[in-house]
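**Student:** Based on these hints, arrange chain D on the given structure of chain P.
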Amino acid sequence: GAVVSQHPSRVICKSGTSVKIECRSLDFQATTMFWYRQFPKQSLMLMATSNEGSKATYEQGVEKDKFLINHASLTLSTLTVTSAHPEDSSFYICSAATGAVDTEAFFGQGTRLTVV
Amino acid sequence: DAKTTQPPSMDCAEGRAANLPCNHSTISGNEYVYWYRQIHSQGPQYIIHGLKNNETNEMASLIITEDRKSSTLILPHATLRDTAVYYCIVKGGAQKLVFGQGTRLTINP
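Chains as they are written, first to last, in the working numbering: chain P, 32 to 147; chain D, 174 to 282.
The shape of chain P in the complex, shown without the other chains (with noise of 0.2 Å):
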């Protein structure tokens, strides 16, 4: 299948900075990708929706001012969580499609972020 590289993979950060979090396709063009968060032992949560060029699209409750999204071209989506605490701590998932009808979605390996 199609590879997405996210990275880092784990990060460790201050409360009160930023983290920038880069999600890649590698292999093909993606026209969307998505932004998921995952918390232990619960399924993977839809942050938000990107489109190449676009402004993002955020999930209700997910505050877009603390989590920046940019897709500024077909192969790269960044996120950077702004202002992070300890309740941001958590295990963050990209994936990217090619916006195809009969296509599925490619994940990365997720990225573990932990606020000190």
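No wet-lab data here; the hints were simulated from the structure. A hint or two may mislead.
Claimed, not checked - For the chain P half of the interface with chain D, some residues (derived, Cβ under 8 Å), not all of them:
1. F65
2. S74
3. L75
4. L77
5. T80
6. I124
7. D133
8. E135
9. A136
10. F137
11. F138
12. Q140
Stated by the list, open to error - Here are the simulated EDC-like pairs of lysine to aspartate or glutamate, each with C-alpha atoms no more than 16 Å apart in a straight line:
13. K51/P with D96/P
14. K264/D with D133/P
15. K97/P with E118/P
16. K269/D with E90/P
17. K45/P with E118/P
18. K242/D with E204/D
19. K225/D with E204/D
20. K86/P with D96/P
21. K176/D with E204/D
22. K225/D with D133/P
23. K269/D with D133/P
24. K95/P with D119/P
Keep in mind it's a predicted model, so treat the numbers as computed, not measured. Each residue gets a CB set at the ideal place from its N, CA and C atoms; glycine is no exception.
**Tutor:** For chain D alone, coordinates are given in the frame of chain P:
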């Protein structure tokens, strides 16, 4: 909201076929059934998807009932590495993938 219902957990013996059921009684005509799995602390892995015909690939088979209201994912010869949470997702067109709680499959030696 997730449009599927799955048992929360299942066990299967190593080497046997694992059959994971999924109910999606409200599926629309243009919606596909997708299966993903997530091994602990990794991103989900795509397994298979289908519309109405049964599908098979190197990982699994997908059996969809004629009325499309339910489906079964079959792992023909389960191994310990198949222990994971399996998600059945219904999605149409450019819709986003919404994950339910999935089935935690444990393969026992």
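**Student:** Look at each hint and say if it fits the structure.
**Tutor:** A quick look at each hint next to the structure:
1. The beta carbon of F65/P comes within 6 Å of a beta carbon in chain D, closer than 8 Å, and the hint placing it at the interface holds.
2. The interface hint given for S74/P holds, since its Cβ lies 5 Å from the closest Cβ of chain D, which is under the 8 Å cut-off.
3. Annotation: interface hint on L75/P holds; nearest CB of chain D at approximately 4 Å, less than 8 Å.
4. Contact between L77/P and chain D, as hinted, is supported at the beta carbon level, the nearest pair being about 6 Å apart and thus within 8 Å.
5. The interface hint given for T80/P is met, as the beta carbon of that residue sits about 6 Å from the closest beta carbon of chain D, less than 8 Å.
6. Interface hint status for I124/P: upheld, as the beta-carbon distance to the closest one in chain D is roughly 5 Å, under 8 Å.
7. Using the Cβ-Cβ criterion of 8 Å, the hint placing D133/P at the interface with chain D is satisfied: the shortest such distance is roughly 7 Å.
8. Of the supplied interface hints, the one on E135/P holds, with its beta-carbon coming within about 5 Å of a beta-carbon of chain D, less than 8 Å.
9. The beta carbon of A136/P comes within 6 Å of a beta carbon in chain D, closer than 8 Å, and the hint placing it at the interface holds.
10. A distance limit of 8 Å between C-beta atoms decides the matter here; for F137/P the minimum to chain D is near 6 Å, and the interface restraint holds.
11. Hint status for F138/P: holds, given a least beta-carbon distance of 4 Å to chain D, under 8 Å.
12. At about 5 Å, the closest approach between the beta carbon of Q140/P and any beta carbon in chain D falls short of 8 Å, and the interface hint on this residue holds.
13. Proposed proximity of K51/P and D96/P is supported: the alpha carbons are some 14 Å apart, at most 16 Å.
14. With a CA separation close to 10 Å, the supplied pair K264/D and D133/P stays within the 16 Å bound.
15. For the proposed pair K97/P and E118/P, the alpha carbon gap of about 13 Å is at most 16 Å, so the pair holds.
16. At most 16 Å may separate the alpha-carbon atoms for a hinted pair to count; K269/D and E90/P meet this at roughly 11 Å.
17. Our distance criterion of 16 Å between C-alpha atoms is met by K45/P and E118/P, whose separation comes to about 12 Å.
18. At most 16 Å may separate the alpha-carbon atoms for a hinted pair to count; K242/D and E204/D meet this at roughly 11 Å.
19. Proximity of K225/D to E204/D is assessed by CA-CA distance (about 10 Å); at most 16 Å being required, the pair is judged to hold.
20. Distance hint between K86/P and D96/P is fulfilled; the C-alpha atoms sit about 12 Å from each other, no more than 16 Å.
21. In summary, the hint linking K176/D to E204/D is supported, as the alpha carbons are separated by about 11 Å, within the 16 Å threshold.
22. At most 16 Å may separate the alpha-carbon atoms for a hinted pair to count; K225/D and D133/P meet this at roughly 13 Å.
23. Note on K269/D and D133/P: the hinted pairing holds, with a Cα-Cα distance of about 13 Å set against a maximum of 16 Å.
24. The suggested pairing of K95/P with D119/P holds, with an alpha-carbon distance near 14 Å, which does not exceed 16 Å.
The earlier numbered hints are all upheld by this structure, with none contradicted.
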